[in-house]
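Number of protein chains: 2
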Amino acid sequence: MIIHLLPLFNSKRIVLASGSPRRQEALRNIGLKFEVVVSKFAEDLDKQSFASPAAYCLETASRKCAEVWARLREEQRSADIVISADTVVVLDGRVLEKPSSPADAERMLRELSGRDHDVYTGVCIRVRTPAGGSDEGTVRQFTERTTVTFAELSPEAVRAYVATGSPLDKAGGYGIQDGGGSSFIKGIVGDYWNVTGIPVHHLCAELAGLAPLL
Amino acid sequence: MIIHLLPLFNSKRIVLASGSPRRQEALRNIGLKFEVVVSKFAEDLDKQSFASPAAYCLETASRKCAEVWARLREEQRSADIVISADTVVVLDGRVLEKPSSPADAERMLRELSGRDHDVYTGVCIRVRTPAGGSDEGTVRQFTERTTVTFAELSPEAVRAYVATGSPLDKAGGYGIQDGGGSSFIKGIVGDYWNVTGIPVHHLCAELAGLAPLL
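Protein chains in written order, with my numbering: chain A, 9 to 222; chain B, 9 to 222.
Certain hints may be false.
When chains are identical, the list treats them as one kind, so a pair holds in a single copy or across two.
[What the hints assert, rightly or not] Below 20 Å or equal to it, Euclidean Cα-Cα: the simulated SDA-like pairs (lysine to any residue) are: (1) K194 / P110; (2) K106 / G183; (3) K194 / T157; (4) K41 / P15; (5) K55 / R71; (6) K194 / G39; (7) K194 / A216; (8) K194 / P138; (9) K55 / R167; (10) K194 / L221; (11) K194 / R153; (12) K106 / L222; (13) K194 / S60; (14) K41 / V103; (15) K194 / T155; (16) K194 / R21; (17) K194 / D126; (18) K41 / P110; (19) K194 / E214; (20) K20 / E114; (21) K194 / A62; (22) K194 / Q149; (23) K55 / E82; (24) K20 / P138.
What the hints contain is simulated information worked out from the structure, not anything from laboratory work.
The following block holds chain A by itself, in its conformation from the complex (with noise of 0.2 Å):
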């Protein structure tokens, strides 16, 4: 949706605000040129505040991305561009967080097994305004599911994949892209992206609806 845009944003200062590896992959496939700036906000809103898990990711990402904003015009190195996400594995209206321990890893791949869950990724935008624009720029911000379906897992399946210390870092304790994640996973509803951590189309939609605020 941005391939013919690409020579506009690559003219621009973008910064993505996640040190995930996995972002950083699917936008610099994109083809996307940018600077990572690692968000200092603490992640600790209490999501019994929010109405949904989609309402607390999103409001996650939005913190991340004014934190990292505020702090590069204060550095004096504001950015044209900064991008955040935050990414939530749901089961049962329930936020499942990176696991704690291997036992812990265990224990939600037991829950995922044989059933359906929803990853929801929060996405922030903010844009430098023109000139005579607000300092707080213009600010784009949305949600997207992806339902994904897990096959029924054997213990021993689950003891290995944790063993190979692969879901320890991440959200519900498994990844789509690796071995394990691959295998388990029978099929999804959405964007394949998105539960790696960034909505690919939504975002590059979004990008190019802001392309003539640049």
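We have chain A already, so just place chain B on it with the hints.
Just chain B now, with coordinates in the frame of chain A:
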């Protein structure tokens, strides 16, 4: 599904009868060790003679597998397991091949724009039968369907994508994993890996079922 069975599978001689880098990557990703022996089957079956595109790609996969299986036996270097696959992109019941030219790729992408289409992969697995079995081994074959929803594409986006060269060696004129495909596709229903050329979950489930025969 086979992550805990990898020591068993990797003690066998596995051959992938496909030169596709994307299929090789998917199998390496699940931890399988294998050799590549590209099939010499001409892939010239008459599509019209099959009841469906699924039946057509399954028969092509089956012939690829049989050719490699027989050739290796002839050369006295029989494999324990041969895996083959064939993938087709189907719009309105019509198979879209690899584009014959950049103009043909643009035409295909304009056809896919704003619509759903199906991707079918036929997979054939041939396993060496234990002592006393037939020389032909045991065969498992199946097809997997994934439905892909394209966004509306502007002529500029189509032209810019075709200019990257990526569409030219891909059935249907796109790669779901590249910069164009990942930004053009709103979502899918089914296995993502199936669209890249191999249905990883279903393949692993079939292999797990064959483990007792090894």
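Here's how the hints hold up against the structure:
no., hint, result
1, K194 / P110, "neither (24 Å within a copy, 35 Å between copies)"
2, K106 / G183, "within (11 Å within a copy, 31 Å between copies)"
3, K194 / T157, "both (6 Å within a copy, 18 Å between copies)"
4, K41 / P15, "within (10 Å within a copy, 41 Å between copies)"
5, K55 / R71, "within (14 Å within a copy, 55 Å between copies)"
6, K194 / G39, "between (30 Å within a copy, 18 Å between copies)"
7, K194 / A216, "between (33 Å within a copy, 15 Å between copies)"
8, K194 / P138, "neither (47 Å within a copy, 30 Å between copies)"
9, K55 / R167, "neither (30 Å within a copy, 45 Å between copies)"
10, K194 / L221, "neither (41 Å within a copy, 24 Å between copies)"
11, K194 / R153, "both (17 Å within a copy, 11 Å between copies)"
12, K106 / L222, "neither (37 Å within a copy, 37 Å between copies)"
13, K194 / S60, "neither (26 Å within a copy, 23 Å between copies)"
14, K41 / V103, "neither (32 Å within a copy, 36 Å between copies)"
15, K194 / T155, "both (11 Å within a copy, 14 Å between copies)"
16, K194 / R21, "neither (40 Å within a copy, 27 Å between copies)"
17, K194 / D126, "both (14 Å within a copy, 17 Å between copies)"
18, K41 / P110, "neither (36 Å within a copy, 26 Å between copies)"
19, K194 / E214, "between (30 Å within a copy, 13 Å between copies)"
20, K20 / E114, "neither (44 Å within a copy, 29 Å between copies)"
21, K194 / A62, "between (24 Å within a copy, 19 Å between copies)"
22, K194 / Q149, "between (30 Å within a copy, 17 Å between copies)"
23, K55 / E82, "neither (30 Å within a copy, 64 Å between copies)"
24, K20 / P138, "within (13 Å within a copy, 63 Å between copies)"
Going down the numbered hints, you'll see the structure goes against 1, 8, 9, 10, 12, 13, 14, 16, 18, 20, 23, while the others check out.
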